[in-house]
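Engineer: Here the protein sequences come in this chain order: U and F. The first sequence stops at residue 150 when you use UniProt numbering, and every number in between is there. The second sequence stops at residue 150 when you use UniProt numbering, and every number in between is there.
Simulated from the structure, these hints should not be mistaken for laboratory data. Do not rely on the hints blindly, as some may be mistaken.
[What the hints assert, rightly or not] Pair ranges (Cβ atoms, derived):
1. F:Val128 to U:Asp136: 28 to 34 Å
2. F:His133 to U:Ala43: 22 to 28 Å
3. F:Thr102 to U:Ser103: 20 to 26 Å
4. F:Thr83 to U:Gly104: 27 to 33 Å
[Unchecked claim] Chain U stretches covered by chain F per the calculated footprint, using a threshold of three residues with CB under 8 Å from any CB of chain F:
5. 53 to 61
6. 64 to 76
7. 106 to 120
8. 130 to 140
[Unchecked claim] Some chain U residues near chain F, calculated using beta-carbon distances under 8 Å:
9. Val34
10. Val98
11. Ser143
12. Glu149
Each residue gets a CB set at the ideal place from its N, CA and C atoms; glycine is no exception.
Number of protein chains: 2
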Amino acid sequence: MGAGAVRAAVGPAHLRRRAAEHAAGPAALRGRAVTGALDPTIAARLKRTPDGLVCAVAQQRGTKEVLMVAWMDDEALHRTLTTRRATYYSRSRRQLWVKGETSGHTQYVHEVRLDCDGDTLLLVVDQVDGACHTGDRTCFDASVLLAGEG
Amino acid sequence: MGAGAVRAAVGPAHLRRRAAEHAAGPAALRGRAVTGALDPTIAARLKRTPDGLVCAVAQQRGTKEVLMVAWMDDEALHRTLTTRRATYYSRSRRQLWVKGETSGHTQYVHEVRLDCDGDTLLLVVDQVDGACHTGDRTCFDASVLLAGEG
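Input sequences plus hints: build the corresponding full structure.
Structural biologist: Following this line, the structure appears as structure tokens:
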């Protein structure tokens, strides 16, 4: 599905999504069967930015490294919960983005938690190779602004 | 310093801050000597939201628990780097917020990292008691949207 088309449409997210799927056909789902919409009880608890997003922190299972921070809309969260493949919403490209779909550096999602405010998600994942587009293991590896005191 | 006054003023952040400090007097600094402004080389690397903020993830040193996610403006980051007391910017109250100043649940900052995009900080902290306003240890303790597979 062209997520841009979904974003441009109007109406409740689940109806927009269904309409876009109907219009675009199954190929737009990139081979994965994602049906339905985000659980309404979850959707009701989200506190989104004005552009409909919540923040998502990805943490490696076991080592507990903080890998990266990205954004999700309802559709990205629904796909993440139902496929266990971390799926984000790219604010710059204005479309859904399955982590690692082109690089192979996917995130298998073990657990998803919502914070007390309803505006941030914590994903516990298994990261394949580096999470960062630079090739680093995490997006926080390269730049230390304040060093530990030893 | 009434951070609201700072936000309402105009001009470069460091000049606004100095003007506000001058106007408000040392008492406004709540007893801590914070001088100067955010290092210009750091400021130049930040990619802020339209309202001038970057995202900040607080992680407990040692256990590596993700404690909470909040926001910082340049002033909050400057104070965090210079005092090692985690200081955030409250979007709802539109003012700086020294974590734990009223609750005592402070965060001593060991390390601060900036991510590859320049829009997210990772703080490695020692959290006193619970990080969450609900009393929980972390803001992610209460709500599991997707459980681990065992």
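Engineer: Could you tell me whether the CB distance from threonine 83 of chain F to glycine 104 of chain U stays inside 27 to 33 Å?
Structural biologist: Violated: the Cβ-Cβ distance is about 43 Å, outside 27 to 33 Å.
Engineer: Okay, the region 130 to 140 of chain U and chain F, do three or more residues pass the C-beta test at under 8 Å?
Structural biologist: holds (count 6)
Engineer: Under 8 Å is the threshold here; is the Cβ of valine 98 of chain U close enough to any Cβ of chain F for the hint to stand?
Structural biologist: Violated - the Cβ of valine 98 of chain U stays beyond 8 Å from chain F, reaching only about 16 Å at its closest.
Engineer: For the restraint on glutamate 149 of chain U, tell me whether the closest CB of chain F is nearer than 8 Å.
Structural biologist: Constraint on glutamate 149 of chain U satisfied, holds at 7 Å.
Engineer: Taking the CB of histidine 133 of chain F and the CB of alanine 43 of chain U, does the distance hold inside 22 to 28 Å?
Structural biologist: holds, 23 Å
Engineer: Can the suggested window of 28 to 34 Å be confirmed for the beta-carbon pair valine 128 of chain F and aspartate 136 of chain U?
Structural biologist: holds, 31 Å
Engineer: Starting from the range 20 to 26 Å, see whether the pair threonine 102 of chain F and serine 103 of chain U falls in it by beta-carbon distance.
Structural biologist: Given range 20 to 26 Å: violated, Cβ gap about 45 Å.
Engineer: Confirm or reject the coverage of the region 64 to 76 of chain U by chain F under the rule of 3 or more residues with a beta carbon closer than 8 Å to the chain's beta carbons.
Structural biologist: It holds, with 5 qualifying residues against the three required.
Engineer: In terms of beta carbon proximity below 8 Å, does the region 106 to 120 of chain U have 3 or more residues touching chain F?
Structural biologist: Satisfied; 10 residues make the cut.
Engineer: Examine the region 53 to 61 of chain U for residues whose CB is less than 8 Å from any CB of chain F, and state whether their number is three or more.
Structural biologist: holds (count 3)
Engineer: Closer than 8 Å between Cβ atoms is the bar; does serine 143 of chain U clear it against chain F? Give me holds or violated.
Structural biologist: With a closest approach of 4 Å, the serine 143 of chain U hint holds.
Engineer: Let me know if the C-beta of valine 34 of chain U comes in closer than 8 Å to any C-beta of chain F, holds or violated.
Structural biologist: violated, 15 Å
Consistency with the previously given hints fails for numbers 3, 4, 9 and 10, ordered from lowest to highest.
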